[in-house]
Amino acid sequence: MWHGWGLAFRLLVFPGFLFTVVVGMVLTWVDRVVSARVQWRKGPPFLQPFADLFKLLLKQTVVPEHSARLAFMLAPVVGLAAMVIAPLLLFYVSFNPAGSFVGDLVVLVYLLALPPLGLIVGASASRNPISAVGASREMTLYFGYELPFLLALLVPVIKTGGLLRLGDLVAYQQLHGPFLYSASGVIAALVVLAVVQAKLGYVPFDMAEAEQEIMSGVFVEYSGASLALFKLTKAMMFFILPLFLVTVFWGGISDWWAILKVLAVVVLVILAKNTNPRLRIDQALRFFWFIIGGLGIIAVILAFIKL
Amino acid sequence: MSKLGLWGLKRSPWVYHVAAASCNNCDIEILELLTPRYDVERFGAVLVGSPRHADALLVTGVLNRKSLPRVMEVYEQTAKPCLVICIGSCTCGNQVFRNSYNAVGPYDKYLPVAAYVPGCPPKPEAMILGIVKALSKL
Numbered sequence: 000m001w002h003g004w005g006l007a008f009r010l011l012v013f014p015g016f017l018f019t020v021v022v023g024m025v026l027t028w029v030d031r032v033v034s035a036r037v038q039w040r041k042g043p044p045f046l047q048p049f050a051d052l053f054k055l056l057l058k059q060t061v062v063p064e065h066s067a068r069l070a071f072m073l074a075p076v077v078g079l080a081a082m083v084i085a086p087l088l089l090f091y092v093s094f095n096p097a098g099s100f101v102g103d104l105v106v107l108v109y110l111l112a113l114p115p116l117g118l119i120v121g122a123s124a125s126r127n128p129i130s131a132v133g134a135s136r137e138m139t140l141y142f143g144y145e146l147p148f149l150l151a152l153l154v155p156v157i158k159t160g161g162l163l164r165l166g167d168l169v170a171y172q173q174l175h176g177p178f179l180y181s182a183s184g185v186i187a188a189l190v191v192l193a194v195v196q197a198k199l200g201y202v203p204f205d206m207a208e209a210e211q212e213i214m215s216g217v218f219v220e221y222s223g224a225s226l227a228l229f230k231l232t233k234a235m236m237f238f239i240l241p242l243f244l245v246t247v248f249w250g251g252i253s254d255w256w257a258i259l260k261v262l263a264v265v266v267l268v269i270l271a272k273n274t275n276p277r278l279r280i281d282q283a284l285r286f287f288w289f290i291i292g293g294l295g296i297i298a299v300i301l302a303f304i305k306l
Numbered sequence: 000m001s002k003l004g005l006w007g008l009k010r011s012p013w014v015y016h017v018a019a020a021s022c023n024n025c026d027i028e029i030l031e032l033l034t035p036r037y038d039v040e041r042f043g044a045v046l047v048g049s050p051r052h053a054d055a056l057l058v059t060g061v062l063n064r065k066s067l068p069r070v071m072e073v074y075e076q077t078a079k080p081c082l083v084i085c086i087g088s089c090t091c092g093n094q095v096f097r098n099s100y101n102a103v104g105p106y107d108k109y110l111p112v113a114a115y116v117p118g119c120p121p122k123p124e125a126m127i128l129g130i131v132k133a134l135s136k137l
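Top to bottom, those sequences are chains A and B. Letter by letter, the first sequence follows residues 0 to 306 in numbering that gives the first Met the number 0. Letter by letter, the second sequence follows residues 0 to 137 in numbering that gives the first Met the number 0.
Just chain B, with the same shape it has in the complex (with noise of 0.2 Å):
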């Protein structure tokens, strides 16, 4: 990408959430982060509605192998460049069900994940740092 695709990029990352199988707890805390509160806005970052839109996949939950097609499905229609930013301790280490039979592991073997931004439910202000490491590495 461009000097000036880049810099747009680092200034309005776009954020799409794929909740892929997790308990709720982290997708309450994504939405937590976009209230005023938190006021995410500043940095331009913005939830969108379709994945055609996003820059950035905030991803939770333990990968599943029903909920793996579907995310590499939404991950295909993003448009790139995409990053993928995992968030939750489910998605860094499987928490509880790292021997289940149905976990089919991390999601790096799939997908290039930017960041991990661990904790059950991680704080909004972890995500943002999460965010903001991932768009600093580009």
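Isolated chain A (complex conformation) (with noise of 0.2 Å):
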């Protein structure tokens, strides 16, 4: 891999920071725009995304008395660090499908669940009533998707005949087609359309920061940076999990089609999220672990008799 200058470049400009939190903000400006056409509304100005960032960025940022101050303030950092890396190794395998290293799936798995880990620990050291309830919810519906999550994984790796190498999935699919084209791919795509939902905390699935019960839950005693810091991981997982859908199952980023297809998945998301009522924490365990992980379950039996 880079070293150096190289990877600094890498990491702060071109996948990895500058890049991914800008096309991150614009996703989130076309997010906000199409849910207001859905509402039959005109919608924010295009620097909308960014005139939010640079007044958090600037505001006080207020650290409420009796909370655990290093994990309230690191824990936003956590999610940020994660999402920073994440699009480095996306970017890395799609163009270089030769040089990854064995394991990088399941490293990319552990970089998409630290944002909730980071979300879970500062929402508890706040100390605050709403928080907790926030964090038990998020905590809870992280149980709920990683499961189903794991299992629509599985359906590529059992497809290439175990290799667990992003690298080769992807030039696995140079050659054979995307695993979307295939029954198993389908279904394994699907479970994990609803996953990028949960894992964005989107509508329907949005219980850990509701605003109309819990004031915005998780984030409620956030204010100024540290809120700007979880708004902009955000954003970038905007961007990087359509990203690692349409690596994984749609045939790779390495060619211009990669644009409309990461932008189709956002779009489906921001439909799904305008056109869903809020579900309960149970209701939302239940449809994960019943309804989902059973698609996951039926998508690898599928995989295993090669469909």
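Hints in this document: simulated from the structure, not taken from any laboratory. Bear in mind that the values here come from a model prediction, so they are computed numbers and not experimental data. Treat the hints with care, as some may be off.
[Claimed, not checked] Ranges between beta-carbon positions, derived for each pair:
1) Leu-267(A) with Gly-92(B): 46 to 56 Å
2) Lys-108(B) with His-65(A): 28 to 38 Å
3) Lys-108(B) with Phe-8(A): 52 to 62 Å
4) Arg-36(B) with Pro-276(A): 20 to 30 Å
5) Leu-137(B) with Gln-38(A): 26 to 36 Å
Glycine included, each C-beta is placed from N, C-alpha and C at the ideal position.
These two chains come separately, so use the hints to put the complex back together.
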């Protein structure tokens, strides 16, 4: 892989921080405008996410009196750091399939698990009862979606005959066509789509930050720059998760079609967000374990019999 | 606040709704303000659930002995800079409660009020005007 200045540039500028932030912000704007059009409104101007970000970064950051200060202030950075590394890995394997290492799929799964972890730690550290409710919901939801997520990621691994390298998965798809164009692949991609929705914390799975009942739950004590970091992480995830889905199931991101594919996934997520009511946490858990988890098992069985 | 922060603040005033013992009429009009018909998200304004996220507090109602400490606490919890915008005639002149034993007087005795929006209740257009005027003073 890269070393020295090359690595620094890639971490901070091109596939890493800056690029992901800008694309994520633009996608956030797309989300808000599409939502506005669904509700027959005009929606915010193009620079809106950037205005929100700069305002939050330069506002006062309040640390609650009885909170665990260190954990409270460090929690937003955990998820952000993971989201800086994840696009690096994704871009690297797509353009250089031979150069990845064994188990990078597992590394990515762990990186994608860090933002909810940071959220849970930060919300618990704030010592706010409303945050605690949000944190417990976030944790429950995480246990709900992680099992179907792993089941769905088993499908490409089984289809390639047990390859755990993301690079090998991309190379296999370039030879034999994307996994999405098979029965097991479609089901697995659907499962991952539901998981993406939950990982982003979008309706119907936004119970951890439900504005109407627990006043933005896990974020309730965060203000200023630390809130901005959470918003930034979420914007980056909004780009990285569709990118991950396209890389693993839809033939990688090495050609120009990938832009349209990522946009298609994003629009699906936005439309699902705008046409569904919020689920209760027990309903969401049941949905992920029995319906989405069941679909995941069916996809794994189909993959075993080579469908 | 720096120029960049001010630019951001003027374009994304997140509002938090403080109902300090109002008759609910102004509160309903504030909700009206946030409906798709007026679409304040065009100006970047969003209703937030926590005073920590707020840039503007929309306060309604006659300030009285019971609501004063609550309003002050919400104001102290808000991340600064934050604008206080008083909505409705009650906030401007205590209305029919002006001689009441319980009314503790105008808001700007206790808080730095950025704008008063009169009306019983004020129209959503008037509230938008109030927020815009308060922001353009910055």
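Verification of the supplied hints:
1. Here the CB-CB span from Leu-267(A) to Gly-92(B) is close to 53 Å, well matched to the stated 46 to 56 Å.
2. Checking the proposed 28 to 38 Å range against Lys-108(B) and His-65(A) shows it holds: the Cβ atoms sit about 31 Å from each other.
3. Between Lys-108(B) and Phe-8(A), the C-beta spacing of about 56 Å keeps the proposed range 52 to 62 Å intact.
4. Checked against the given bound of 20 to 30 Å, the beta carbons of Arg-36(B) and Pro-276(A), roughly 22 Å apart, stay inside it.
5. Leu-137(B) and Gln-38(A) have their C-beta atoms about 30 Å apart, which keeps the hinted 26 to 36 Å range intact.
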